[in-house]
Structures are given as structure tokens and as C-alpha cells.
Amino acid sequence: MDEDQFTEYAIQLSIQESIQASKNPPPAYRDSLASVSEENRRIVSAIELGEIFLLQQLSKCTLAFGEADERGWLPLHKAAVQPIDQVLEIVLDASSLINLEQATLDGETALTLAAQGGHDGNVKALLEKGASPYTTNSKQESPLLLAVRHGSYDMVLNLIKNEAPVDQFCIKRWTAMHEAAKLGLSNIVRLLIRSGGNVNEKDAYGVTPLATAAEYGRTDALELLILKGGNIHATADDGATVLFDAAGGGNPDCVEVLLEYGASANMPNISGHLPIHRAAYLGHYLVLKTLIPITSKSAIKKSGLSPMHSAADGGSVQCLQLLIENGFDVNVLLAQYVAEIYEDGRKSPLYFAVSNADVTCTELLLKYGADPNNDPLNCFLVAVRARSYEIVKLLLAHGADVNCWFMVVNDTHFPTAIQYCLKDEMMMRLLLNNGYDTMIPYTASLWQSVQGAMKL
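Last residue of the sequence shown: 456 (the UniProt record's numbering), numbering continuous.
Everything labelled a hint here was simulated from the structure, so no lab data went into it.
Incorrect hints may appear among the rest.
Derived BS3-like pairs: lysine-lysine, alpha-carbon spacing no greater than 25 Å straight-line [as the list claims (entries may be wrong)]:
no.	residue 1	residue 2
1	LYS301	LYS289
2	LYS202	LYS139
3	LYS60	LYS172
4	LYS161	LYS124
5	LYS182	LYS172
6	LYS161	LYS60
7	LYS182	LYS202
8	LYS228	LYS202
9	LYS129	LYS172
10	LYS423	LYS393
11	LYS161	LYS182
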């Protein structure tokens, strides 16, 4: 953060603290919340029912307009969330002694409520009466941000004309530009840019509006932000590139636009994952098809894992098929340093499919030659332990070692598969019928258990 950004940040904090102080009700006010007068109840009823004539008559009861209910709602707040402009105008005239920034117990002011509800006329009326466009709710969301979220161009324009700060951010440092990019509101993005909005502002996670548009697949907003200076090479705090977010979003048009403007498919995030891994894991077939020919084999190797692992882990049989058709190895193994992240030391794509009890992906991998005996903890043991009968049958049919054991946790010479089915007759018979060796030496206690199970 440079000096100018730090100064701007300090100013915004100061403004927000001042507004928050003005919104905090005094103790006497909080104590009187539950005790409202009959006149107040009639006023609230007239507001909710839109009874203009009755409300005009009650406007003389000025003290009742200053009474709040158990939620801290004044008649002003009630009027801000209803759709009849004249109702709010009457209430505003009758509430001339009330601070327009006074908040409900949930931290909402009349202006934030009106903006959140999409009531353009109410927002305009409140601004004309002097409501501050700097005001925020308890999440520090500004009226401008809330107006963008509602998708109202006119409301956004009105707030900007009344000097609403375009780059004001909420507690997560999320700006109106981020929100417009997320929703794909290109007309509002254009308006915010014309009004001085920063296209490269980062939120609390280091994400820019451009990355947000990419993540949510908003092609038009994405291209507009690029043309207005959005940095396609920006990375978030986790190292994710804009293209990585686009791969996760699944819109191939966004991916194509980014590639056209020079984005690289070979930039990993902090964990080493590339855009191709993201697309494969989430099952974004068309995006994966675009990324396969432009992602370098060296970048994939350096990452320590193949998109085959990602597709198997994500359960995307279509993506697995596509990768296999493009020459990716079904028996590729995780790099040792990646395998060590997992407690079971898994290495193969097949292991991911089996551990997820994914019959379809398991069948596809085995069909194309996946070796079921490639992992320290054999896939067969995983399937037996999970009682995945169909997967056990598939593995046995493709050469799984029925007599395998997991030497990492067991240094005695007996297959641990038997331990997982001592109380499962169906699984026990499946093992015995497929060559399980009952003559391998066991410990005395295990041998007694096996004999007992075999007599059932």
C-alpha cells in the first residue's frame, strides 16, 4: 500500500467511525425501545398500509415519529422500505428533528434500507433531505454498494451525483466495482469507471473486479474492465491469477478473452495448481478443452500433479475421458512432496476415484489401463474398508492384489484386507473367491478371528 492509498484508507476509516458514532443510540433511547405510544403504532400502520390521508393527519404527532420499536426502527425506517414515494415525503417532513443517520439495532439507516430495497424514489428523497451517501450499515456496506447489488442504474447515478464515494469499501474491502463485475452489470461498471472508480482495487483477499468478473463468467464486464486498464496479470493473496478464476468460473468465452489479451495458462497459484487443474476438478469440459493445448507439460510437471488427479478427485468422467484422449497418462503419480500432504500417501488418479467411491471414474480409469496396485495404501484395501462392493469387483477384475497389505502402518506379514471384512460375509466370500491366500501366517488372535468368520 503506497502513501496515497494509505491516506485514502485512513480517511475512509475516519468517515466510517464518525458515521458509526452518530448512529449509536444513547442509553436512554435504547431503554425506551419497547415502550411506543398509540400514536406511533397508528403511524406505523398507516405507513405499512400506504394510507396517505391518515398519515397526513398523524404528521402533527411529531414526538411519535421519534419513537422506535423493539428493533430500533423509527417510522422513518419503515417509510424507507415501502414503495410509495409520498409516504416517505410525509414522514420526512414530520421527522425534521430526527438524525437521518440514526440506525436500527441491526445497524441499518433509512438510506441503506432504501438502497437495499431498490426504492429509487426513496433514495432520492433521502438524499435531497441531506442523508449522507457515506453512511454504511453494520457490514460497512455503503448505499452505493447496495444500489449496485440491486442492479439499479438510476439509483447508482443519483448517489454518485450526490457525491457518494465510488471506491468506498465494506468490511471485506469489497467495492461497488467488485459488485458490478460480479453481477455483470456492464453499464454500471462503465458509469463507475467514468466517475473515477479504480478497476484494480483489491478486496480483503487480494481479488480485483477483473478477477471477480472472470470467476462469475461475466464476459462483457470482463472485456470492458480489460479495455479500461484492468490488470490481467494481477494475482490474489493465494496466488490465483485471473485466468485461474476464469477456469473455475467455467465460462469458455471469458477464458478466450483473457487468452486473447495475453493471459498465461502456465502461472500456478501458491499451492501449485494451474488453471487446467481448476477446470478439470470442477468438470468444466469446454474450458479444459481450451486449456489442454496451451498448458505446457513442464508447467504441469513442476506443479507436482496432473489434471488427471484433479478430474478424478472432482468426479468428472467427461474431463477424464478428454484428458485420456489427449494423451494424459492414467498411471501418472503425484510428486512425492505432494503425496506427503495426504496422510494415506496416495499417488494415482485411480486412488482419488476409489477413495471417493466413484464407480464411473474408477471404471473408466481401469478400462484405459490404470494399475490398481500403484499406491502405498492399495486402492483395493480402501474399497474393502468402505464396503464398495462394485469397486472391489472392478479392481479384482483388473488385477488388484487381493493379498496386499499396508506396510506403512503394519510391519507384520498378513494382509490387512481381512481385517476389514471379518463381520462382512459378502465381502469375505468375495475375497476368498478371488484368490485370497488363507495360508499366509497370521498372529494367533487374527487367525482365530478369520477361522470364526469363515465358519459363519
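### Task
Would you mind confirming whether the straight-line C-alpha gap from LYS228 to LYS202 stays at or under 25 Å?
The hint holds at about 16 Å.
### Query
Would the pair LYS161 and LYS60 pass a check requiring their Cα atoms to be no farther apart than 25 Å?
Between LYS161 and LYS60 the Cα gap is close to 33 Å, so the pair fails against 25 Å, i.e. violated.
### Message
With the threshold set at 25 Å, check whether the alpha-carbon distance from LYS423 to LYS393 stays at or below it.
### Response
Given that 25 Å is the threshold and the Cα spacing comes to 19 Å, the pair holds.
### Query
Is it true that the CA of LYS182 sits at most 25 Å from the CA of LYS202?
holds (14 Å)
### Message
Given the hinted pair LYS161 and LYS182, is their Cα-Cα distance within 25 Å?
### Response
Cα-Cα ~23 Å, so holds.
### Query
Do the alpha carbons of LYS161 and LYS124 lie within 25 Å of each other, as the hint requires?
holds (10 Å)
### Task
Decide if the proposed pair is consistent with the structure: LYS301 and LYS289, CA atoms, cutoff 25 Å inclusive.
holds (19 Å)
### Message
Next pair to validate is LYS202 with LYS139; report whether the Cα-Cα distance is within 25 Å.
### Response
Distance ~18 Å between LYS202 and LYS139 Cα, so the pair holds.
### Pairwise hint evaluation, LYS172 against LYS182, where the allowed Cα distance is 25 Å at most
holds (15 Å)
### Query
Quick one, are LYS60 and LYS172 close enough, alpha carbons at most 25 Å?
The hint is violated at about 43 Å.
### 25 Å limit on alpha-carbon distance, applied to hinted pair LYS129 and LYS172
Violated. LYS129 to LYS172 sits at ~30 Å, over the 25 Å cutoff.
In summary, the numbered hints that this structure violates are 3, 6 and 9.
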